[in-house]
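*Asks:* Sequence:
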Amino acid sequence: MANVGLQFVASAGDADPQSRPVLLLGQLQNLHRVPWSHLRGKLQPRVTEEIWQTALGTLNPNPTDSCPLYLNYATVAALPSRVSRHNSPSAAQFITRLVRNCLPGGTNRCILMICERSEVFASACALARAFPLFTHRSSASRRTEKTVTVEFFLVGQNNGPVEVTTLKCLTSATEGVRLAARIVDTPCNEMNTDNFLEEIKKVGKDLGIVPTIIRDEELKQRGFGGIYGVGKAAVHPPALAVLSHMPEGATQTIAWVGKGIVYDTGGLSIKGKTTMPGMKRDCGGAAAVLGAFRAAIRQGFKDNLHAVFCLAENSVGPNATRPDDIHLLYSGKTVEINNTDAEGRLVLADGVSYACKDLGADIILDMATLTGAQGIATGKYHAAVLTNSEEWETACVKAGRNCGDLVHPLVYCPELHFSEFTSAVADMKNSVADRDNSPSSCAGLFIASHIGFDWPGIWVHLDIASPVHAGERATGYGVALLLSLFGGASEDPLLNMVSPLGEDADPQGDMERDCKRRRLV
1 MANVGLQFVA SAGDADPQSR PVLLLGQLQN LHRVPWSHLR GKLQPRVTEE IWQTALGTLN
61 PNPTDSCPLY LNYATVAALP SRVSRHNSPS AAQFITRLVR NCLPGGTNRC ILMICERSEV
121 FASACALARA FPLFTHRSSA SRRTEKTVTV EFFLVGQNNG PVEVTTLKCL TSATEGVRLA
181 ARIVDTPCNE MNTDNFLEEI KKVGKDLGIV PTIIRDEELK QRGFGGIYGV GKAAVHPPAL
241 AVLSHMPEGA TQTIAWVGKG IVYDTGGLSI KGKTTMPGMK RDCGGAAAVL GAFRAAIRQG
301 FKDNLHAVFC LAENSVGPNA TRPDDIHLLY SGKTVEINNT DAEGRLVLAD GVSYACKDLG
361 ADIILDMATL TGAQGIATGK YHAAVLTNSE EWETACVKAG RNCGDLVHPL VYCPELHFSE
421 FTSAVADMKN SVADRDNSPS SCAGLFIASH IGFDWPGIWV HLDIASPVHA GERATGYGVA
481 LLLSLFGGAS EDPLLNMVSP LGEDADPQGD MERDCKRRRL V
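All letters in the sequence shown, in the order written, are residues 1 to 521 by our numbering.
No lab work stands behind these hints, which were simulated from the structure alone. These numbers come from a predicted model, not from an experiment. Misleading hints may appear alongside valid ones.
Stated by the list, open to error - Label pairs and their calculated CB-CB ranges:
hint, residue 1, residue 2, range
1, PRO277, ASP434, 25 to 31 Å
2, SER138, PRO35, 19 to 25 Å
3, GLU218, PRO318, 17 to 23 Å
4, GLU198, ILE376, 32 to 38 Å
5, THR107, PRO318, 50 to 56 Å
6, GLY452, GLY105, 38 to 44 Å
7, GLY317, LEU71, 39 to 45 Å
8, HIS136, PRO414, 43 to 49 Å
9, GLY13, ASN189, 18 to 24 Å
10, PRO63, ASP324, 49 to 55 Å
Where a beta carbon is used, it is the ideal one built from N, C-alpha and C, also for glycine.
Whole structure, please, built from the sequences with the hints as guidance.
*Replies:* Here it is, written out as structure tokens:
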């Protein structure tokens, strides 16, 4: 599906399904609410109202179901009728699966998505995940370009037509999701640090922003011992890159810090033959930050926003970091290396320190494919959140339900867990002494320690190791989550609606609260 163009329109128009195959998708109760007058033009003359009603009667979603309406040209599919409290009401994961399995073939196809207005954003992002961009199959170059046109039919309250502004937002968001997935799917022989920097420059050019880039020996000279130490053995040198959006009237400064390990061999603490394949995905955090940053600025962002990319290849060579080496990080703290495969926290420690010291951020969010233990702690679908703010922990969970990028909290307890990093010769080690003591929480705490546990700002850590991919394909996870979580700082009405934080989040209004945080906290 790499050559598929995705278009969101207010009305897809009428067409014979034999010339334009169609998939109708929604919860069963919502499918029943669509008047035949709206469907007639997309299904006739192949499908009659009687056939449509009969098909609805046969659907029994458990959790999903589908029914062909006319050969393989028209299909109706039903989403789960109910979801649990830890799932998204949009049933986003099931949307992606049903589109992959049920969308008829063809060069010009249509999806009619039936849902409530509050589920439009999550549904659109879920649709985008079904159409990955990257492929090197030899047959792909011979295929013609395909188009999938998406129309939303809204039910329930506030069920008017979809506005042009909403369609523009959906286009920006889904392009960001597909960009992130493409970067993650691309192998390191193409997506090395050089080429990742080119992706950053392309986004910067599109937005009129010139990135700040610190690279190779300059990293060492300026004290970025984490990023430099991880990437110094690779052919393509490590880099710290920053895209900055600083509009007039901004009241706070936000930094998104992404882990961009373009390949992780494990370094000298090398991974095995079964655990190394797939490590091209270790740049998933940086890819999500890039896709979200482009979409957020396109839709209008009212506050200072910095996207910080910590890029390196954790390679093996004569210059590789050894266990027992001690590195001085940008925070000024020393780290004894006891595991070169715990490299993501080292580059992120430099990234969050830079965001704090040089960018003056009030809110720092780091996103990373950090630990395999994340998948054990919160599973394949829910990212893990660790934060110094209970309010932001709750907000991340709500944002995940609103956008389909699900999130669940980790234990935040530095007074009990940070002692795992005790070193006799440095400020800390980089890997825990006891791997049975909440290792995903500990990994996040390592990052936080480089801005300080008493730092007065908001720090959020998102470990996306498992949800960054589904099977052998990247999901673009994190783009929708960042757009939703920070939607309160956007000029876009749809992002305002899906954000759990906003100017009206505290109806009582604390006038003594720091005005810098009033909008998002």
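*Asks:* Each hint should be assessed against the structure and marked as holding or not.
*Replies:* Against the structure, the hints:
1. PRO277 x ASP434: 25 to 31 Å: 28 Å, holds
2. SER138 x PRO35: 19 to 25 Å: Given range 19 to 25 Å: violated, Cβ gap about 46 Å.
3. GLU218 x PRO318: 17 to 23 Å: Cβ of GLU218 to Cβ of PRO318: about 21 Å, so the range 17 to 23 Å holds.
4. GLU198 x ILE376: 32 to 38 Å: 36 Å, holds
5. THR107 x PRO318: 50 to 56 Å: 52 Å, holds
6. GLY452 x GLY105: 38 to 44 Å: Violated: the Cβ-Cβ distance is about 56 Å, outside 38 to 44 Å.
7. GLY317 x LEU71: 39 to 45 Å: Violated, since GLY317 and LEU71 (Cβ atoms, about 57 Å apart) do not stay within the stated range.
8. HIS136 x PRO414: 43 to 49 Å: 44 Å, holds
9. GLY13 x ASN189: 18 to 24 Å: At roughly 43 Å between Cβ atoms, ASN189 and GLY13 fall outside 18 to 24 Å, so the hint is violated.
10. PRO63 x ASP324: 49 to 55 Å: At 51 Å between Cβs, range holds.
In summary, the numbered hints that this structure violates are 2, 6, 7 and 9.
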